[in-house]
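Asks: On the provided structure of chain A, position chain B as indicated by the hints.
Chains as they are written, first to last, in my numbering: chain A, 263 to 629; chain B, 263 to 629.
Heads up, a few of these hints could be off.
Where chains are identical, the list cannot tell them apart; a pair therefore holds if satisfied intra-copy or between any two copies.
Computed cross-link-like contacts, BS3-like style, restricted to lysine-lysine with a CA-CA straight-line distance of at most 27 Å [as the list claims (entries may be wrong)]:
hint : residue 1 : residue 2
1    : Lys-465   : Lys-555
2    : Lys-471   : Lys-347
3    : Lys-300   : Lys-556
Derived by calculation from the structure, the hints in this document are not laboratory data.
Listed here are the chains, written in short residue letters.
There are 2 protein chains.
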Amino acid sequence: MKTEHIQEPRARSTRTVISVDAMSGDRGASAVVAGLAKAATKNPDIRFILHGRKDELDRLLARRRVLEGRVEIRDACDVVTMDAKPSHVMRHGQGTSMWSAIDSVRNGEATVCVSCGNTGALMLLSIVRLRKLPGVNRPAIACLWPSRNPQGFNVMLDVGADVRADEHDLLQYALMGTSYARNGLGLERPRVGILNVGTEENKGRAELKAAHEMIEAAAEAGQFRFVGFVEGGDIPSDHVDVIVTDGFTGNIALKTGEGTARLIGDFMREAFRATPLSRIAALLALTSLNRLKKRIDPRRVNGGVFLGLNGTVVKSHGASDETGVAAAVRLAFELAQSGFTERLAARVASAKGPVHDGFGDVAGGER
Amino acid sequence: MKTEHIQEPRARSTRTVISVDAMSGDRGASAVVAGLAKAATKNPDIRFILHGRKDELDRLLARRRVLEGRVEIRDACDVVTMDAKPSHVMRHGQGTSMWSAIDSVRNGEATVCVSCGNTGALMLLSIVRLRKLPGVNRPAIACLWPSRNPQGFNVMLDVGADVRADEHDLLQYALMGTSYARNGLGLERPRVGILNVGTEENKGRAELKAAHEMIEAAAEAGQFRFVGFVEGGDIPSDHVDVIVTDGFTGNIALKTGEGTARLIGDFMREAFRATPLSRIAALLALTSLNRLKKRIDPRRVNGGVFLGLNGTVVKSHGASDETGVAAAVRLAFELAQSGFTERLAARVASAKGPVHDGFGDVAGGER
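One chain only, chain A, in its complex shape (with noise of 0.2 Å):
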């Protein structure tokens, strides 16, 4: 069945399924349901498989034309909170929509969850119910950055899933940010960096030196370039597509780009504010202004993706609107069409031979 998929992958396109938690965001089911009708109206081969209060939810969807027949709701009557503990949402969350949400990847209904959810009970959930893939020892959860390059985004990860990462780790964040950005990206050979204090090689933790080395080694086989170590600096830069780091780090850096952006917004409002030509002339360059909004816009790259799973899972924003859900919803459909799972077990599981994960057979050599 695996084999299938990798090899074929592009049979599957006719109408992907797409299990969706309905309940877990800040905003509730009526921004998930908003955002699931954005996303289909451009996307008609989606489904949806909903889950949350039934009652709820159809009345949600008795709105909503465009997705008349292409949701399947299954009730579940919990909702894990923001502030829920991991532990105890594993001992005692069968009944709400997040834990319903990733049993419908478990069981093979669909390739790919999304939810708005407790990022650490999701993670979790996500751990237990659907298991690490062979091989992979810290699952990983990966998030676009906005760059300078041609595909408008940089991969970084680990952003989260676990404040610890050795060499080995690391190695396989690379691979899996490496297949994440061959499927979710498009990048035929992208190229991979380690995220230090410096680029010089003997810079840095010892696991870091220790990663260099086991990195460089294995670009050939992964199919992807090494390009040794990057800055803070370099995240968005043009010269890496794939950032790897321990999560501790990735999700400092996360943050603070987040925090960086939103200091900066804030401070051009309050300049455009200012004075009465200001206010004249944020009118004229409206529509640049809203170009600029969108290309920096955190929920067009809506999405921290768990990588190492047997399954995918897309966690959107706690506080995602309908453009928000919208990202995650059409993140989510491209990896499920392209068989990103299938194909990240198999570049997972071939750590030491070439694999085929998106491009067939790459005439592999240079890096």
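Replies: Just chain B, lined up with the frame of chain A:
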């Protein structure tokens, strides 16, 4: 001598002497001399000891009337290059302007040194020539970060002196950062937070939980407020003034923030160039945009400060221009005038009892 400074720091406020390395920056001595002139114009009390090639400096100074009679030149023919190995500089750097500039602090001619040179070499030379303060295991580099706080900046440390820090180091950073915020930003009772991947007390690595306990226990005697864990997005926020972290994480966060700001700045320029209408808008909004630029201009916060040594060293950015050097010199001047070096030493020495480092007898107690 030191006790005298602690008790009567204002007595030294006339004719404060700053030791300046003229040669080590990317833009050479002319940018440095221009920066001194800029800083000297607004601060009639600054004097300088300037280290570098005498003939070149004589020529540059002859053109700056405002510096007449205020600069003493120390001839130093060698220059530490940006790619020099710190260990090599330590063994063979006696004839360099950097070495000479640090030694003016070592022998008491100046209390603060400014250099635009190679960070690694400057740190190592500073440690070797000035020695660590008693009780300090790892010196730290503190930076100023544009923030939503009334003072306009927050302090973060360590941003790159050492890639490691245990709970004892983090406690020292909290005390040193408090002293810096007090003397550099005028905050009577700064709020101190530890950078982590979540704000709950059970989050993060073991040393962070230990540091949480130790810093909390030291808050009352240390005359700061402890706000617990903060996240990357909180670095520019208004609910913390001093952010404490290890030098690996701090350096990644700093460079990620700078990289994000640069990316948005470039995207913004592109947006304003996009259409004729947006170009007109940019003209109309020029004053407001310039104000915005100034608020987030990295040159304005130019100066990583080395803390934990017998003497204070301000590291200006390698590519600093006139504006950058002037900002670093102003910061050095403020720190020198406030008797910061001695006050920091007193704070670190008496971590267990109340110290007097800028606001006299603060009626301690609340936190």
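Asks: Please go over all the hints and tell whether each is borne out by the structure.
Replies: Hint check:
Proximity of Lys-465 to Lys-555 under the C-alpha cut-off of 27 Å is found in neither arrangement, the shortest distances being 36 Å within a copy and 33 Å between copies. Taking the closest pair of Cα atoms, Lys-471 and Lys-347 come within 27 Å of each other only across two copies (18 Å); inside a single copy the shortest separation is 36 Å, beyond that limit. Proximity of Lys-300 and Lys-556 under a CA criterion of 27 Å is satisfied intra-copy only: 17 Å inside one chain copy versus 40 Å between copies.
The structure does not agree with numbered hint 1 stated previously, though it agrees with all others.
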